[in-house]
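Sequences listed follow chains Z and U, in order. Here the numbering used here is used: the first residue of the first sequence is 2, the next is one more, and so on. Here the numbering used here is used: the first residue of the second sequence is -2, the next is one more, and so on.
The hints are simulated quantities; they were obtained by calculation from the structure and are not laboratory data. Given the structure is predicted, the values throughout are model-derived calculations rather than measurements. Check before you lean on any hint, since a few could be wrong.
Using 25 Å as the maximum straight-line C-alpha spacing, the simulated SDA-like pairs for lysine to any residue come out as follows [what the hints assert, rightly or not]:
no. : chain 1 : residue 1 : chain 2 : residue 2
1   : U       : K66       : U       : S11
2   : Z       : K12       : U       : N38
3   : U       : K103      : Z       : V113
4   : U       : K103      : Z       : V75
5   : U       : K103      : Z       : R70
6   : U       : K55       : Z       : V113
7   : U       : K55       : Z       : L40
Residues from chain U that face chain Z, not an exhaustive set, calculated with beta carbons under 7 Å [unchecked claim]:
no. : residue
8   : L43
9   : H72
10  : S95
11  : K103
Backbone N, C-alpha and C define an ideal beta-carbon position, used for all residues, glycine too.
Each chain is listed here by its residues.
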Amino acid sequence: GAGVSQSPSNKVTEKGKDVELRCDPISGHTALYWYRQSLGQGLEFLIYFQGNSAPDKSGLPSDRFSAERTGGSVSTLTIQRTQQEDSAVYLCASNTGPGNIQYFGAGTRLSVL
Amino acid sequence: AQSVTQLGSHVSVSEGALVLLRCNYSSSVPPYLFWYVQYPNQGLQLLLKYTTGATLVKGINGFEAEFKKSETSFHLTKPSAHMSDAAEYFCAVQYGGSGYALNFGKGTSLLVTP
């Protein structure tokens, strides 16, 4: 079966533009996580979805960041009015529920010029 | 709060030599601990995990790690390095909040020289 799929693999944008990053989790996985990997901060948790429950947004760094998950499957991470410090690799992971092994996608490398 | 510290952002070993990547954790309760590997332009791949039970955990590609509660450590080892082991390695602790999201160390880049 397919793993976690993320698109695009690379995204270059201008400062101030909005971007959308997509994550397609493994089929049947109810939990989905977004992480950010940057040179200065390492790997940071951003947001967590479990089924149709309200997401845990405790890791989002600012209100410019938002995410949704439609139908309990595909998720979109949106960054509004991008800043240079948003440049990072955004990783998505999914699993069958809290406490189980998380499987990661290859990530989206975002470059804000 | 649970956190991990990886000692050494870069480690270099010769092919065939012992690999030792250090990880110490800070946790008020027994943690779940993980080692992930990341090859260039790829996502994270699980090497091994410790939850409960046997403290010596064997993973893929010949790697193993030992959970030492008294030292709050979970160091990763491999007896003989291969060129293909060159990658970034991350130690992580799983905490109960946020659906058991992972709290990662800063990572250690392993270089294997001929």
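Checked hints:
Restraint check: the Cα-Cα separation between U/K66 and U/S11 comes to about 30 Å, which exceeds 25 Å; the hinted pair is violated. Distance hint between Z/K12 and U/N38 is fulfilled; the C-alpha atoms sit about 14 Å from each other, no more than 25 Å. Between the alpha carbons of U/K103 and Z/V113 the distance comes to roughly 23 Å, so the proposed pair stays at or under 25 Å and holds. Straight-line distance between C-alpha atoms of U/K103 and Z/V75 comes to about 29 Å, which puts the hinted pair past the 25 Å bound.
Proximity of U/K103 to Z/R70 is assessed by CA-CA distance (about 29 Å); at most 25 Å being required, the pair is judged violated. For the suggested pair U/K55 and Z/V113, the alpha carbons sit about 41 Å apart, so the restraint of at most 25 Å is broken. At most 25 Å may separate the alpha-carbon atoms for a hinted pair to count; U/K55 and Z/L40 exceed this at roughly 30 Å. The criterion of a C-beta within 7 Å of any C-beta in chain Z is met by U/L43, whose closest approach is roughly 6 Å, and the hint holds.
For U/H72, the shortest C-beta to C-beta distance to chain Z is roughly 19 Å, which exceeds 7 Å, and the interface hint is violated. Checking U/S95 against chain Z by beta carbon gives a least distance of about 5 Å; that is within 7 Å, so the hint holds. With a least beta-carbon distance of about 5 Å to chain Z, the hint placing U/K103 at the interface is held under the 7 Å criterion.
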